[in-house]
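Enquirer: Sequence:
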Amino acid sequence: MIAKISNFEIDLSKPIDISIPLTNTEENPIAWYIEKPAIEPVVFGDWIGKVSEGKSSTNFNNIFFNPHGHGTHTECLGHITNDFYSINESLKKFFFFATLITIEPEKMGEDFVITKEKILKAMNVSGFSKTEAIIIRTLPNLKDKKSRKYSNTNPPYLSEEAAIFIRESKIQHLLIDLPSVDREHDEGKLLAHKAFWNVKDTHNLNSDARLDATITEMIFVPNEIQDGDYLLNLQIASFENDASPSKPVLYAISNFQQ
3 MIAKISNFEI DLSKPIDISI PLTNTEENPI AWYIEKPAIE PVVFGDWIGK VSEGKSSTNF
63 NNIFFNPHGH GTHTECLGHI TNDFYSINES LKKFFFFATL ITIEPEKMGE DFVITKEKIL
123 KAMNVSGFSK TEAIIIRTLP NLKDKKSRKY SNTNPPYLSE EAAIFIRESK IQHLLIDLPS
183 VDREHDEGKL LAHKAFWNVK DTHNLNSDAR LDATITEMIF VPNEIQDGDY LLNLQIASFE
243 NDASPSKPVL YAISNFQQ
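The opening position of the sequence shown corresponds to residue 3 in the numbering used here, with each subsequent residue numbered one higher.
To be clear, the hints were calculated from the coordinates, so they are not data collected in a lab. Hints may contain errors.
Unchecked claim - Distance condition first, Cα-Cα at most 27 Å in a straight line; then the derived DSS-like pairs of lysine-lysine:
hint, residue 1, residue 2
1, Lys-123, Lys-196
2, Lys-38, Lys-120
3, Lys-148, Lys-109
4, Lys-191, Lys-151
5, Lys-148, Lys-120
6, Lys-109, Lys-196
7, Lys-118, Lys-132
8, Lys-249, Lys-172
9, Lys-16, Lys-118
10, Lys-249, Lys-94
11, Lys-151, Lys-109
12, Lys-172, Lys-118
13, Lys-145, Lys-109
Turn these sequences into a full structure, and let the hints steer you where they fit.
Expert: Structure (structure tokens):
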């Protein structure tokens, strides 16, 4: 089905899902030193909530997971603040103009860093003036990102300068295929998180902090998806929590008129 929205068209029958599904197998990606998710039937005495066990007419599972460590998730600034802020209250719009860029992080000592210069160069190639969201695909882009165990591997991360540049570019939503925009072991500095959300004091939130900006981590963008401009549908579950598992979906834009 083709949808014509103002001055462009998208084909709703061709969604590009860039989320990683949650499973209770070893194929699930894991970060932050936790175990894999648990998905298991409810048990009451000898009753098991699983049709194949022959004692239930329905499958009735409990699910235990951590949104930050078990897959694609979207978070608000409540992730780093003393006071409670909910992603369900922060994200009230769900469709955005987005630009997908591919970056090879720069080696700096023992780290690999996504720099402002790399982002600026990639964004200049796009030339898209309506970007509300930036989607960063890092190289090498291997399929094992969908099952990788990130704990104690020092994954690439975003420099503070790069996060400031994204914020000052008026981009509200940052999506990345890494477990965090910050260094794994950074002594709690969280420089990129703070820079992107413009949080100057986590205990006394400044009035110009970006309450409606979000960060989505642990996405996966297949290699065959070309860099460029898309319409992003950023879907979350209605959790009153700093983060929610999420399902970002892209749609190619056609017949666009500035």
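Enquirer: Now tell me if each hint is right for this structure.
Expert: Now the hints, each set against the structure:
1. Lys-123 - Lys-196: Within the cut-off at roughly 23 Å; holds.
2. Lys-38 - Lys-120: Answer violated: Lys-38 to Lys-120 is near 34 Å, above 27 Å.
3. Lys-148 - Lys-109: holds, 23 Å
4. Lys-191 - Lys-151: The given pair, whose Cα atoms are some 23 Å apart, holds under the 27 Å limit.
5. Lys-148 - Lys-120: holds, 24 Å
6. Lys-109 - Lys-196: holds, 23 Å
7. Lys-118 - Lys-132: holds, 19 Å
8. Lys-249 - Lys-172: The hint holds at about 23 Å.
9. Lys-16 - Lys-118: At roughly 32 Å apart (the allowed maximum being 27 Å), Lys-118 and Lys-16 break the hint.
10. Lys-249 - Lys-94: With a Cα-Cα distance of about 15 Å, the restraint between Lys-249 and Lys-94 holds, given a limit of 27 Å.
11. Lys-151 - Lys-109: The given pair, whose Cα atoms are some 21 Å apart, holds under the 27 Å limit.
12. Lys-172 - Lys-118: holds, 15 Å
13. Lys-145 - Lys-109: holds, 22 Å
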